[in-house]
Amino acid sequence: MVALVIVSTFVVLMLGILVAGLLRSHADILRALHDLGAGVGDPSTAPAAAAPVTFTPPVPGLGTASELGIAPAIAGITPTGDARAVAVDNSDDFTLLGFLSSGCTGCAAFWDALQDPGRLALPDRTRVVIVTKGPDREIPAEVQAKATGRVPVVMSTEAWLDYQVPGSPFFVLVDGATGRKVGQGVASQVGQLTELVRRAEHDRGHAGGSRGRGEASLAGPAREAAADDILAAAGIHPGDPSLYPQTLDDVFPHRNPVPAE
Amino acid sequence: MATIGAHGITARLPQGFEGRIFVRPASVGVTYPVGQFATFPIPDDIGDFGSGAVTLMGPSDVFSTLFEYGHESVGTALFAQQGRPDALLESDFSPITLRRGIPGQSGTQWFFTESGRPFAFYAVLGSHSQRAALVPHVNTLLSSLVLSPAVSDVPATRPQWN
Chain A
1 MVALVIVSTF VVLMLGILVA GLLRSHADIL RALHDLGAGV GDPSTAPAAA
51 APVTFTPPVP GLGTASELGI APAIAGITPT GDARAVAVDN SDDFTLLGFL
101 SSGCTGCAAF WDALQDPGRL ALPDRTRVVI VTKGPDREIP AEVQAKATGR
151 VPVVMSTEAW LDYQVPGSPF FVLVDGATGR KVGQGVASQV GQLTELVRRA
201 EHDRGHAGGS RGRGEASLAG PAREAAADDI LAAAGIHPGD PSLYPQTLDD
251 VFPHRNPVPA E
Chain B
262 MATIGAHGIT ARLPQGFEGR IFVRPASVGV TYPVGQFATF PIPDDIGDFG
312 SGAVTLMGPS DVFSTLFEYG HESVGTALFA QQGRPDALLE SDFSPITLRR
362 GIPGQSGTQW FFTESGRPFA FYAVLGSHSQ RAALVPHVNT LLSSLVLSPA
412 VSDVPATRPQ WN
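Those sequence lines, one after another, are chains A and B. Start counting the first sequence at 1; every next residue gets the next number (the numbering used here). Start counting the second sequence at 262; every next residue gets the next number (the numbering used here).
Keep in mind that the hints were calculated from the coordinates and are not lab data. Treat the numbers as computed from the prediction; the structure is a model and nothing was measured. Glycine included, each C-beta is placed from N, C-alpha and C at the ideal position. A few of these clues could be false.
[As the list claims (entries may be wrong)] Derived coverage of chain B by chain A (criterion: at least 3 residues anywhere in the stretch with Cβ under 8 angstroms from a Cβ of chain A; other residues may be distant): (1) 277 to 290; (2) 300 to 306.
[What the hints assert, rightly or not] Over 12 angstroms on every C-beta distance to chain B, these chain A residues come out as not near it, computed from the model: (3) L4; (4) T9; (5) L13; (6) L18; (7) R24; (8) H26; (9) D28; (10) L68; (11) P72; (12) D89; (13) V151; (14) Q164; (15) S188; (16) R199; (17) A225; (18) G239.
[Stated by the list, open to error] The following label-pair restraints were derived from C-beta to C-beta distances: (19) A:A121 / B:P410: 30 to 38 angstroms; (20) B:D306 / A:E195: 24 to 32 angstroms; (21) A:G149 / B:S352: 38 to 46 angstroms; (22) B:R285 / A:H26: 55 to 63 angstroms; (23) B:W371 / A:D240: 46 to 54 angstroms; (24) B:V407 / A:Q164: 25 to 33 angstroms.
Working from the sequences, and respecting the hints, build out all of it.
Here's what the structure looks like:
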């Protein structure tokens, strides 16, 4: 009888130690997930994590921008059945690719934020493109219901394969000047995307505009005012005869023949 | 090199090009397919012939539009040419052939019928002085286009999984 009590006590003691170990292991896992920013609920409303950006390089501990590789073009269809191809190496701008799904709950906040530049507060000249899987994997009407038309939405399963997207949401930042990926990974909070782009912009410096392209920002009254200023600076004021050409020669005085360069 | 296709138009885009082939929603009447291709990021809210885009071009850029007209245009004098031009010449581009005259740029426009569909092809060079280097890009794009006889679009297949 005494032996039975001793054995039972020993077994209970061992089980207690086992349960305590499991609880501690579980706590370690939860703490690690918390540090990574994984939480419950709307990612956009979660408090800022201690770690500002949790983007991960493809090879932990080794990843640098140059190792992320060339970013291929995105080609597919739009939710309305049109065709769309986006080249990510044809400007000096950054392109932020958001690989989202229509059905993933973790994507909801990113659908809204990526299509609302004011909310995302990305640096100027950052292009945003949302990429879902193709119509063989997504229902176009459901994707269309989430698209506002403010940023391109391309449905392309091939792009997911090209970029080796492990799941959604997933993000890739491409430097258009080099055509290379400068960051990629998962994000749990919208603010992390802004931080990623700002860091990349800081790392690259302010060498934009080397392709000599025109400005995109002016439109409407601002554009009209800017034109008025330029004309006034050139001595051309309202009523100036040059504003009312009578013939093509007035507009293109050297049109015939075209001067050789 | 990306390939896109919709509405009976397929384009194998040369390196550095991006593009879109779309049909605008018709508020009144009927709208027809438009293809836009460029060597720079194409904004979503530009006009069919590039208004809002050509001002963004750099001197080494190219923009082009393939615009389909209504079937009633088939057989008219404007669309009498059968098939697209084989290859554009530097002399085909002129600063006065622009929808919106922008200093330094030049353009060309062609009307033709192909696969029973009437089209206009309009291209803009970012710099007329660089036409020797830019026109080959336009020709590469032009030759990559596949224009099929008009067919109704096939509805998207049901997804297998999400």
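Structure-based check of all given hints:
Residues of the stretch 277 to 290 of chain B lying with their CB closer than 8 angstroms to a CB of chain A number 8, which satisfies the three-residue condition for coverage. Only residues whose C-beta sits within less than 8 angstroms of a C-beta in chain A count toward coverage, and the stretch 300 to 306 of chain B has 5 of them, enough to reach three; the restraint holds. With a least CB separation of 57 angstroms from chain B, L4 (chain A) remains clear of the 12 angstroms interface cut-off, as annotated. The beta carbon of T9 (chain A) sits about 54 angstroms from the closest Cβ of chain B, which is more than 12 angstroms, so the claim that it is off the interface holds.
Under the 12 angstroms C-beta cut-off, the non-interface status given to L13 (chain A) relative to chain B holds; the minimum distance is some 49 angstroms. Listed as a non-interface residue, L18 (chain A) keeps its Cβ farther than 12 angstroms from every Cβ of chain B; the least gap is roughly 40 angstroms. For R24 (chain A), the requirement that its beta carbon stay farther than 12 angstroms from each beta carbon of chain B is met, with the minimum near 38 angstroms. Listed as outside the interface, H26 (chain A) is consistent with that label: its C-beta sits roughly 31 angstroms from the nearest C-beta of chain B, beyond the 12 angstroms cut-off.
Every beta carbon of chain B lies more than 12 angstroms from that of D28 (chain A), the smallest distance being close to 34 angstroms; the non-interface claim holds. Here L68 (chain A) stays apart from chain B, with its beta-carbon at least about 20 angstroms from theirs, past the 12 angstroms limit. Not every CB of chain B lies more than 12 angstroms from the CB of P72 (chain A), the least distance being 8 angstroms, so the non-interface label is violated. Consistency note on D89 (chain A): stated as away from chain B, yet its beta-carbon is not over 12 angstroms from all of that chain's, at 7 angstroms minimum.
Against chain B, the non-interface label of V151 (chain A) is violated: not every CB pair exceeds 12 angstroms, the least being about 8 angstroms. Against the 12 angstroms criterion, Q164 (chain A) stays outside the reach of chain B, whose nearest CB is about 18 angstroms from its own CB. With a least beta-carbon separation of about 21 angstroms from chain B, S188 (chain A) lies farther than 12 angstroms from that chain, consistent with its non-interface assignment. Under the 12 angstroms C-beta cut-off, the non-interface status given to R199 (chain A) relative to chain B holds; the minimum distance is some 22 angstroms.
Its beta-carbon lying about 16 angstroms from the closest one in chain B, A225 (chain A) satisfies the requirement of being farther than 12 angstroms from that chain. Every CB of chain B lies more than 12 angstroms from the CB of G239 (chain A), the least distance being 21 angstroms, so the non-interface label holds. A C-beta distance of roughly 48 angstroms is found between A121 (chain A) and P410 (chain B), which places it outside the suggested range of 30 to 38 angstroms. Against the hinted window of 24 to 32 angstroms, the Cβ-Cβ separation of D306 (chain B) and E195 (chain A) comes to about 29 angstroms, which satisfies the hint.
Taking the beta carbon of each, G149 (chain A) and S352 (chain B) are about 40 angstroms apart, inside 38 to 46 angstroms as hinted. Between R285 (chain B) and H26 (chain A) the beta carbons are some 56 angstroms apart, a value that agrees with the proposed interval 55 to 63 angstroms. At roughly 36 angstroms, the beta carbons of W371 (chain B) and D240 (chain A) sit outside the given window of 46 to 54 angstroms. In this structure the hint that V407 (chain B) and Q164 (chain A) lie 25 to 33 angstroms apart at CB holds, the actual value being about 30 angstroms.
Of the numbered hints listed earlier, those contradicted by the structure are 11, 12, 13, 19, 23.
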